[in-house]
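Given chain A, put chain B in place with the hints provided.
Protein chains: 2
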Amino acid sequence: MKPYKELSREELLTCKEELDRRYKEAQSKGLNLNMSRGKPEKGQLDMGMGLMSILDADCDMKSEDGTDCRNYGELDGIMEAKVLMSGIMGIQDPNDVILFGNGSLSTMYDAVCRSYVSGVLGCTPWCKLERVKFLCPVPGYDRHFAITEHFGIEMIQIPMTTEGPDMDLVEQYVKDDSVKGIWCVPKYSNPQGISYSDETVRRFAALEPAAEDFRIYWDNAYAVHHLYDNDQDEILDILEECAKAGHPDMVYVFGSTSKISMAGAGIAAMAASQRNLDSIKKSIAIRTICYDKINQLRHARYFHSMDAVKEHMRKHADILRPKFEAVLDVLEQELGGLGIGSWVKPKGGYFITFEAMDGCAKNIVRKCKEAGVTLTNAGAPFPYGKDPHDSVIRIAPSFPTPDELAAATDLFVLCVKLASLEKLLEESGGSHE
Amino acid sequence: MKPYKELSREELLTCKEELDRRYKEAQSKGLNLNMSRGKPEKGQLDMGMGLMSILDADCDMKSEDGTDCRNYGELDGIMEAKVLMSGIMGIQDPNDVILFGNGSLSTMYDAVCRSYVSGVLGCTPWCKLERVKFLCPVPGYDRHFAITEHFGIEMIQIPMTTEGPDMDLVEQYVKDDSVKGIWCVPKYSNPQGISYSDETVRRFAALEPAAEDFRIYWDNAYAVHHLYDNDQDEILDILEECAKAGHPDMVYVFGSTSKISMAGAGIAAMAASQRNLDSIKKSIAIRTICYDKINQLRHARYFHSMDAVKEHMRKHADILRPKFEAVLDVLEQELGGLGIGSWVKPKGGYFITFEAMDGCAKNIVRKCKEAGVTLTNAGAPFPYGKDPHDSVIRIAPSFPTPDELAAATDLFVLCVKLASLEKLLEESGGSHE
Numbered sequence: 003m004k005p006y007k008e009l010s011r012e013e014l015l016t017c018k019e020e021l022d023r024r025y026k027e028a029q030s031k032g033l034n035l036n037m038s039r040g041k042p043e044k045g046q047l048d049m050g051m052g053l054m055s056i057l058d059a060d061c062d063m064k065s066e067d068g069t070d071c072r073n074y075g076e077l078d079g080i081m082e083a084k085v086l087m088s089g090i091m092g093i094q095d096p097n098d099v100i101l102f103g104n105g106s107l108s109t110m111y112d113a114v115c116r117s118y119v120s121g122v123l124g125c126t127p128w129c130k131l132e133r134v135k136f137l138c139p140v141p142g143y144d145r146h147f148a149i150t151e152h153f154g155i156e157m158i159q160i161p162m163t164t165e166g167p168d169m170d171l172v173e174q175y176v177k178d179d180s181v182k183g184i185w186c187v188p189k190y191s192n193p194q195g196i197s198y199s200d201e202t203v204r205r206f207a208a209l210e211p212a213a214e215d216f217r218i219y220w221d222n223a224y225a226v227h228h229l230y231d232n233d234q235d236e237i238l239d240i241l242e243e244c245a246k247a248g249h250p251d252m253v254y255v256f257g258s259t260s261k262i263s264m265a266g267a268g269i270a271a272m273a274a275s276q277r278n279l280d281s282i283k284k285s286i287a288i289r290t291i292c293y294d295k296i297n298q299l300r301h302a303r304y305f306h307s308m309d310a311v312k313e314h315m316r317k318h319a320d321i322l323r324p325k326f327e328a329v330l331d332v333l334e335q336e337l338g339g340l341g342i343g344s345w346v347k348p349k350g351g352y353f354i355t356f357e358a359m360d361g362c363a364k365n366i367v368r369k370c371k372e373a374g375v376t377l378t379n380a381g382a383p384f385p386y387g388k389d390p391h392d393s394v395i396r397i398a399p400s401f402p403t404p405d406e407l408a409a410a411t412d413l414f415v416l417c418v419k420l421a422s423l424e425k426l427l428e429e430s431g432g433s434h435e
Numbered sequence: 003m004k005p006y007k008e009l010s011r012e013e014l015l016t017c018k019e020e021l022d023r024r025y026k027e028a029q030s031k032g033l034n035l036n037m038s039r040g041k042p043e044k045g046q047l048d049m050g051m052g053l054m055s056i057l058d059a060d061c062d063m064k065s066e067d068g069t070d071c072r073n074y075g076e077l078d079g080i081m082e083a084k085v086l087m088s089g090i091m092g093i094q095d096p097n098d099v100i101l102f103g104n105g106s107l108s109t110m111y112d113a114v115c116r117s118y119v120s121g122v123l124g125c126t127p128w129c130k131l132e133r134v135k136f137l138c139p140v141p142g143y144d145r146h147f148a149i150t151e152h153f154g155i156e157m158i159q160i161p162m163t164t165e166g167p168d169m170d171l172v173e174q175y176v177k178d179d180s181v182k183g184i185w186c187v188p189k190y191s192n193p194q195g196i197s198y199s200d201e202t203v204r205r206f207a208a209l210e211p212a213a214e215d216f217r218i219y220w221d222n223a224y225a226v227h228h229l230y231d232n233d234q235d236e237i238l239d240i241l242e243e244c245a246k247a248g249h250p251d252m253v254y255v256f257g258s259t260s261k262i263s264m265a266g267a268g269i270a271a272m273a274a275s276q277r278n279l280d281s282i283k284k285s286i287a288i289r290t291i292c293y294d295k296i297n298q299l300r301h302a303r304y305f306h307s308m309d310a311v312k313e314h315m316r317k318h319a320d321i322l323r324p325k326f327e328a329v330l331d332v333l334e335q336e337l338g339g340l341g342i343g344s345w346v347k348p349k350g351g352y353f354i355t356f357e358a359m360d361g362c363a364k365n366i367v368r369k370c371k372e373a374g375v376t377l378t379n380a381g382a383p384f385p386y387g388k389d390p391h392d393s394v395i396r397i398a399p400s401f402p403t404p405d406e407l408a409a410a411t412d413l414f415v416l417c418v419k420l421a422s423l424e425k426l427l428e429e430s431g432g433s434h435e
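Protein chains in written order, with the working numbering: chain A, 3 to 435; chain B, 3 to 435.
Keep in mind that the hints were calculated from the coordinates and are not lab data.
Computed from a predicted model, the values in this text were never measured in an experiment.
Treat the hints loosely; a few may be bogus.
If several chains are the same, the list does not tell them apart, and a pair holds so long as it fits within one copy or across any two.
Stated by the list, open to error - Below, a list of computed lysine to aspartate or glutamate pairs in the EDC-like style, where the Cα atoms sit at most 16 Å apart:
| id | residue 1 | residue 2 |
| --- | --- | --- |
| 1 | 347 | 406 |
| 2 | 44 | 70 |
| 3 | 44 | 60 |
| 4 | 64 | 43 |
| 5 | 284 | 151 |
| 6 | 371 | 210 |
| 7 | 44 | 62 |
| 8 | 64 | 48 |
| 9 | 283 | 210 |
| 10 | 283 | 251 |
| 11 | 317 | 168 |
| 12 | 18 | 8 |
| 13 | 388 | 334 |
| 14 | 364 | 280 |
Next up, chain A with everything else stripped away, as it sits in the complex (with noise of 0.2 Å):
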């Protein structure tokens, strides 16, 4: 089929009326699916299982060095899970990561939050601030976004690139001495699924920020969640790239094994420098005596290698990838060549990222929830949950089974392809009807 803006305003409302039929012939399907959300699939949890035995009344409840992990003290987590999550992290170095309690996303809020309350490496607090700025790769992580939000952090757009964000406006924007941090998923990132260009690193360990407290917040999200055996993204070690450039403690790494054992249930780590780490560690002493050492424990065991890490990742992209590719066939099938709307075929990550024309996201969304099929709010992945063209939409696979998944993406190109006719239909004059 031709472009749909190459269609006379006739055949673009010949072809809305056949959509229309469809559409409401799909409404009256009462379907009632849900692409919204990243969370993982039975068949994947049921994979992490093993977890739940590894270890038993009988057992031995010490660590390799001999700490009870049933008991209080090592506020930092024990070795063999600092090991774990720095193979998980792509960190050298063990020793350079501490471990937090069951997500990512809690470790990230309270890193924010200690700057906000108690200031960075001496540096003011940001409460005693007029103005503090986070710039905001987009689209991006919402949740990251509403913890800026929280604290009062203004966000400052930087459109992402298929090397990763924008370089040249960071570079800009961290002259700036209020801006005092980046968020970042540099790998598979959510929700385009692009991974950091060597280039893009080495910028980022060179930055040369106005604000002594300006960090980088990598949230390394996606570092083992490939979704193919021979074409897998990798990306630079931040903390080296930044000692390497003399800026050892410009960046805080964050990851977990939320979709790797348990959603909710796994362990979280950070990872920086040992001057970060233990200006950390007395703050952290405040708050908690220590994290879940058994849950460290369990997972330490379970996950003994990395070896076993990629063999257990293996299984899930083997359950993910005919989803993403169901998804992908579809939209390459059926919006190929009409020049209303593009995606990136990720490789790995969380979610398929589809760019509608501008000003058609908010519809495609609303059409496909009015036909039963939930999608994540149209400007979710933007600061303040506005998209300004108006394009972007978050599909993600993982949950839904492949059917679900053939029969919603059905419904949301047929809801694309009516939204860009309304938009087409609108813009060349006169109401659609």
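Same frame as chain A, now just chain B:
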């Protein structure tokens, strides 16, 4: 023996000579004992090992309402674990409880932190106020005071009586609208083991604070931690009392299973009015997707009824009681009638508080340390670590073996006698040489 204060200077000197000799003897033994930490001993932890096998690789991971505990969701926790925690905390309606992470300290820290960052129910965030004060019953829990100090909150000491904090003073102080809270351990208080009388609880519920965002921080840490079967303290339900008194929002109740199941790998909870909980849930939704529901499930299944909890705590008591008694026996035998110290025999909790003659606590702790017995720092149970009378020493008998406790307490009473003699000689004029 006669009270020390009735001894002549000569008698004091003779006595001291003998004690000096015995102290040197003790030093030569090379003791290495620790009565400083309120942590469970190995036997108590062994007792909970059934928790490690209550879930296994083949078990159903759904909560009673069908939630898959392995996935994201259920921000405020699963109902059966709320039921468990409401039972432990003495809260009538499990819907008044929300669940948190692996310990109550971080739950309390976060409660203060939310008030500091975002304010309480629409009140000005504390970080924007010139001055915030907390009332601190003393002696109290050092980690409470560390939290308030961390947030720059001014701490006002409220002396404890045998019925709880001095309520006349509390009622006075809350007329100051910069007073935003009070730390309480209402049952088997840390460190004295005092339980608040019904009258005290009712006076708390009837408080009329000037500050709308004043909250009672009710840390019911030792709710089921009785030492005796037939002589147990019970306290009134503060949440209910506050509601009855027309102040439903005035209290936050905290609890955990840290000293029931596993220290540092338990589950924590908070009980409060629905109005408070709604606001708290909105805030924690920014920080986390959910807490560890698998650990909630593990606890709810293992501690399936309050009878099971009570039976479990009876076994804990069987381990702890002889330890408390070992210490108390030596105190009574060696110090009874000497007039150089007093203590309360606790019926539960984790500590014994020894009150030395004014100006002696630091000296006693130092002398113990120099002969190989570590005690909690003198001053620790006071804000800023400063005991105005230098007289209170917290003894933690839970971790050492009974033999170790006997040896440590023998040394302790020796040091009490020596420090008291030195003080009396100093007061009777001249140096004590």
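Hint check:
no.	hint	in the structure
1	347 / 406	neither (20 Å within a copy, 66 Å between copies)
2	44 / 70	between (33 Å within a copy, 9 Å between copies)
3	44 / 60	between (29 Å within a copy, 14 Å between copies)
4	64 / 43	between (33 Å within a copy, 14 Å between copies)
5	284 / 151	between (26 Å within a copy, 13 Å between copies)
6	371 / 210	neither (46 Å within a copy, 50 Å between copies)
7	44 / 62	between (30 Å within a copy, 12 Å between copies)
8	64 / 48	between (27 Å within a copy, 12 Å between copies)
9	283 / 210	neither (26 Å within a copy, 39 Å between copies)
10	283 / 251	within (15 Å within a copy, 34 Å between copies)
11	317 / 168	neither (34 Å within a copy, 62 Å between copies)
12	18 / 8	within (15 Å within a copy, 106 Å between copies)
13	388 / 334	neither (27 Å within a copy, 71 Å between copies)
14	364 / 280	neither (46 Å within a copy, 29 Å between copies)
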